[in-house]
Amino acid sequence: MPAITVSHLRKTYDDTIAVADVSFEVGAGEIFGILGPNGAGKTTTVECISGLRTPDGGEVRVLGLDPRHDREEVRQVLGVQLQESQLPGKIQVREALELYASFYRDPADVGELLEQWGLADKAKARFGRLSGGQKQRLAIALAMVGNPRVVVLDELTTGLDPHARRTAWELVEQVRAAGVTVLLVTHFMEEAERLCDRLAVIDRGRVVALDTPAGLAARGPAAAQRMRFRPSQAVDVAELRALPGVTSVERHGAHLEVAGDADVIGAVTAYLARRQIIAAELRVEQSSLDDAFIALTSHATAAQEA
Amino acid sequence: MTTRTLSAQRPQLPGPRPRPRLLPEFRMTGNGFRTLVRTQARLLCREPAVVLSGIVLPLALITAFGAIPSFSKPAAALGGKTTLDVYVPTFAMLSSVLTALTALPVTFADLRERGVLRRLAVSPVPAAGLLAAQVTVIATAAASTAVLVVLIGTAGFGAALPVNIGLMLASYVLGTTALISLGLVIAARARSAGIATGFGVPTMIVNFFFAGVYVPLQQLPHVLRTVSGFVPYGAIVDTWSGSGAAWRHLLVLAAYTVVGSLAAARFFKWE
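Each protein sequence line maps, in turn, to chains A and B.
According to the UniProt record's numbering, the first sequence holds residues 1 to 306 in order.
According to the UniProt record's numbering, the second sequence holds residues 1 to 271 in order.
These aren't lab readings, by the way, just hints derived from the structure by calculation.
Possibly wrong hints are sitting among the right ones.
As the list claims (entries may be wrong) - Think about it this way: if two alpha-carbon atoms lie no more than 30 angstroms apart in a straight line, the pair counts; the simulated DSS-like pairs of lysine-lysine are:
#1 A:Lys135 with B:Lys269
#2 A:Lys90 with A:Lys135
#3 A:Lys90 with A:Lys122
#4 A:Lys90 with B:Lys269
#5 A:Lys124 with A:Lys135
#6 A:Lys124 with A:Lys90
Said to hold, decoys possible - The calculated label-pair distances, taken between Cβ atoms and stated as ranges, are:
#7 B:Leu251 with A:Gly29: 55 to 63 angstroms
#8 A:Asn38 with B:Lys269: 21 to 29 angstroms
#9 B:Ser72 with A:Gly111: 55 to 63 angstroms
#10 A:Gly29 with B:Leu57: 53 to 61 angstroms
#11 A:Thr167 with B:Val56: 44 to 52 angstroms
#12 A:Gly118 with B:Lys269: 52 to 60 angstroms
By construction, the Cβ of each residue, glycine as well, lies at the ideal position given by its N, Cα and C atoms.
Kindly produce the complete structure, drawing on both the sequences and the hints.
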């Protein structure tokens with residue numbers, strides 16, 4: 001049985017369509033990423049999975065259960081860390097973990113959780129006094145307190161500094177190592193690339209791509225290549241543009257940026273060699289997940305690629 | 001999505017099948033309820049404003065009134081009772097009114113506004129359990145305060161107890177649950193602490209007025225005294241006076257309790 005099944009999910013708020021048509025399946029033990037620009041419908045999708053919202057159409061199943069109809073059963077097996085959710089400012093870390101642990105039939109050991117998530121020395125600290133990173137660690141610990149089989153982590157690392165972000169990634173890998181299926185919502189490419197086994201890219205309420213991170217990157221705009229360099233002498237931009245495979249040439253101060261298909265690098269270097277121009281500070285970029293993401297989510301026709 | 005397709009897809013489910021329900025769901029572990037009560041009690045104690053208004057204020061008022069000599073003399077306008085006699089029931093209920101109509105709704109609205117309920121909503125705790133735990137905490141604090149007020153008024157300053165102790169207790173218990181249920185309805189829906197205050201405080205003032213806090217009930221015009229019987233605090237105080245239509249009052253209070261608490265649990269909003 002898949003850990004999560006979403007089929008033709010649809011959710012509207014008044015006149016706004018938050019989710020138009022989203023379908024995907026998360027296999028047991030996977031780290032599955034939902035990637036998309038702000039307002040794409042990511043949070044609404046995970047809110048429907050968590051049972052906070054009732055879908056207007058389509059179906060959502062968590063381990064075969066309906067999050068609205070089987071509220072209690074789903075919540076016993078699903079751990080959730082949501083954006084904009086908080087604890088009372090005056091509750092202590094240990095009190096919060098003990099409170100949430102008491103709601104579950106088979107909770108994790110609070111002492112062990114405090115150790116595992118590096119909160120043991122903060123056990124008596126009030127929630128309101130914790131740093132952003134500590135709050136985030138507590139949020140994951142709370143998502144894990146019921147010994148869940150599936151966890152949803154929504155924008156886990158938003159607002160964290162780069163160091164805390166890397167620590168959070170290690171924590172997610174720890175969660176998976178414990179045999180838990182992870183649904184990770186993010187808008188950081190690097191995070192998706194590093195953690196996820198598979199990704200769904202959501203834009204304007206639709207899934208526009210569903211693949212592994214490497215598979216998505218390869219789908220970048222015609223496997224785009226981009227080179228950037230400082231020519232040793234003036235270059236005729238019009239001639240560069242006319243070269244086979246070149247799609248665009250842009251001038252950035254003393255640097256030129258040439259983009260094109262797989263042949264572009266050979267064509268440009270041959271051209272420069274013929275003119276005896278040296279390309280200083282040369283940087284070549286292969287198509288990345290970033291490019292694929294931008295391409296998938298920046299034009300309306302992308303909606304048909306799903 | 002229909003329930004028919006749902007049950008068709010749920011053959012190998014462990015545990016009992018959820019049945020369609022009219023009443024709000026209340027399924028939680030006993031340990032969960034106890035821990036929730038303990039945690040909410042601790043959090044309430046960490047809010048000085050609640051402790052001051054809900055517990056300290058009624059005790060201070062009864063002590064101050066008791067210390068004024070003229071309040072302990074029988075007055076013809078009060079049917080031969082002393083001012084203190086009249087105010088002991090009023091102040092005994094004060095903690096219930098204050099906590100039920102301000103602390104309770106404001107606490108919940110604040111938790112809702114700050115996303116605390118949103119987090120609880122994705123845990124297995126049911127809305128009714130959450131409300132019941134908070135009610136347990138508030139009712140315990142209010143009852144302890146009421147006992148102290150009655151002790152200070154009667155044993156300390158010689159006020160006369162109401163004639164019928166059984167009626168007094170019944171109206172106190174039902175009165176407190178009625179007020180709490182009113183507070184719960186606000187607590188269940190108010191989006192922010194400001195909105196909760198906006199509904200809670202006027203409700204409280206109406207209750208105070210019809211209980212004779214501002215003007216003694218006996219001096220109100222007949223029409224208003226009749227209305228007063230249908231306002232929780234008024235019904236309570238009139239029952240305590242020993243001269244009111246006690247059974248009708250108790251019925252009114254019971255109706256508030258049942259309708260209010262069920263509506264609150266049923267229409268509870270997590271966000």
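For each hint, the structure was consulted:
1. A:Lys135 with B:Lys269: 25 angstroms, holds
2. A:Lys90 with A:Lys135: 13 angstroms, holds
3. A:Lys90 with A:Lys122: Distance of about 13 angstroms is within 30 angstroms: holds.
4. A:Lys90 with B:Lys269: 23 angstroms, holds
5. A:Lys124 with A:Lys135: 14 angstroms, holds
6. A:Lys124 with A:Lys90: 11 angstroms, holds
7. B:Leu251 with A:Gly29: 55 to 63 angstroms: 60 angstroms, holds
8. A:Asn38 with B:Lys269: 21 to 29 angstroms: 25 angstroms, holds
9. B:Ser72 with A:Gly111: 55 to 63 angstroms: Between Ser72 of chain B and Gly111 of chain A, where Cβ atoms are some 58 angstroms apart, the hint holds.
10. A:Gly29 with B:Leu57: 53 to 61 angstroms: 58 angstroms, holds
11. A:Thr167 with B:Val56: 44 to 52 angstroms: Once the Cβ atoms are compared, 46 angstroms apart, the range 44 to 52 angstroms for Val56 of chain B and Thr167 of chain A holds.
12. A:Gly118 with B:Lys269: 52 to 60 angstroms: 35 angstroms, violated
Violated hint: 12 only; the structure is consistent with all others.
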